[in-house]
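Enquirer: For reference, the chains in residue letters:
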Amino acid sequence: MNNPPDVTQDPKEYEEYAHGVQKHVRGYLMVGATLLAFTMLTVALSYVDFGAILSSLFHTNLSTAQGRKANITVAVLVATFKAGLVAAIFMHLAAEKRLIYRILIFTGFFVLGLFWLTLLAWYDYPIFR
Amino acid sequence: MEIPYTVSTRPDTGLWNAKIGIWLFLASEVMLFGGLFSAYIFLRIDAAPGTWPHGLLNVPVGTFNTCILIMSSVTVVLAWAALKMRRYRAYWWYMLATISCGIIFLVVKLAYEWPQKFEHFGAYIKPDALWKYEKYLGNQRHAEMGMEPRIEITGHLHSQNAKEYEVALDPVNAEPDNPVMDRPHFFPLPVTDKIATIEKADVERATMFLPTHSAYFASYFTITGLHGLHVLGGVLVFIYMWLPVSKKVYQRNPEHLANRVEVSGLFWHFVDLIWIFVFPLFYLL
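Protein sequence lines correspond, in order, to chains A and B. For what it's worth, this note's numbering labels the leading residue of the first sequence as 1, then goes sequentially. For what it's worth, this note's numbering labels the leading residue of the second sequence as 1, then goes sequentially.
Wrong hints could be hidden among the right ones.
[Unchecked claim] A short list of chain A residues far from chain B (calculated; beta carbon distances all over 10 angstroms):
(1) 21
(2) 58
(3) 59
(4) 60
(5) 65
(6) 95
[Claimed, not checked] Quick list of simulated restraints, FRET-style, between CB atoms:
(7) B:93 to A:63: 48 to 56 angstroms
(8) B:130 to A:52: 20 to 28 angstroms
(9) A:84 to B:145: 33 to 41 angstroms
(10) B:87 to A:53: 44 to 52 angstroms
(11) A:119 to B:207: 50 to 58 angstroms
Simulated from the structure, these hints should not be mistaken for lab results. This structure is a prediction, so every number in the text was calculated from the model and none was measured. All C-beta atoms in this analysis are idealised placements derived from N, C-alpha and C, irrespective of residue type, glycine included.
Using the sequences and the accompanying hints, generate a full structural model.
Expert: Spelled out as structure tokens, the structure:
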């Protein structure tokens, strides 16, 4: 968000600016409510046995470990959506200056590299699966 | 001498300096927590079947703390918006709400959740002695249903001598063949009064739920501990900005305080964002 006009100078301009911020406030409250709702959703979904559902849908028999992977995927997707909301709206990343995006591109590159190393280690030697 | 570009933007970057500063700091924080999360993922996918604990944390309390943190993220952004609208009184109240949420989060974590874990006991049974404790583990039924074996008996440590542990069992070990126990419960079931005697010779390792208990609790305490330190740091900064000393900054230049709140708010949202991943990974899965 831009800096406000020099509000001590012109009360009319200030009124306009305050009105703009007030609009944002409604958005923040909506995002907060969405985050709370999705917290409840992720708790509820963790008690759903997605392994059993997938097994009956595709007429296969998934193991407990495979079923758990389905639950992990669902939970991480919900968490990513929530984190995206926090980053985009609360942290104003939906509309930020280019330099900040540049910093974050580097961060994303390195943190993905870090997780990629974990993936390499996972294929490195035989382990229990 | 005044610090430059605290309020006005630097022509070459198009930003005031603290904003770039906090984002560079958050970038380093991403790497810090990223390292711990990738260690967690590696430990978890590398764990032998049945060795990764499930359902040992208190989900309602974790859900409550998640909601508290989300609400504090809302109040801090409202505090910032109040400053932008030059409503100091509203700012003061939103900041107080944020600080209170941070303190509630820490109190729940340190005075309730962690101590409860420290009182809980778990004994991993040696593979060749598992049959002796079948009535507490129910592995025959588990194997028939294609589920991972149980290798740990948990509960409250009643007493111990040189040869044995006496454990007041958790419901999952008191009724291992009850299908209700196959999946974790939302409300944690209380420890039963059924006592099991476990020979120390049959135990691979036995501890309270401390970092030494398992890779799970080691990563849980490390990540939630580091996260808790971040919450504490945030609360301290917010208290400084809420005290009368910051009103002077506001009176001199309200934008200066608004920018301070914005950067500390960015840090706070990041701490919230980390928790959004910690909660499902440790509490729910």
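Enquirer: Tell me the numbers of any earlier hints that the structure contravenes, in ascending order.
Expert: Those not satisfied are hints 1, 5 and 11.
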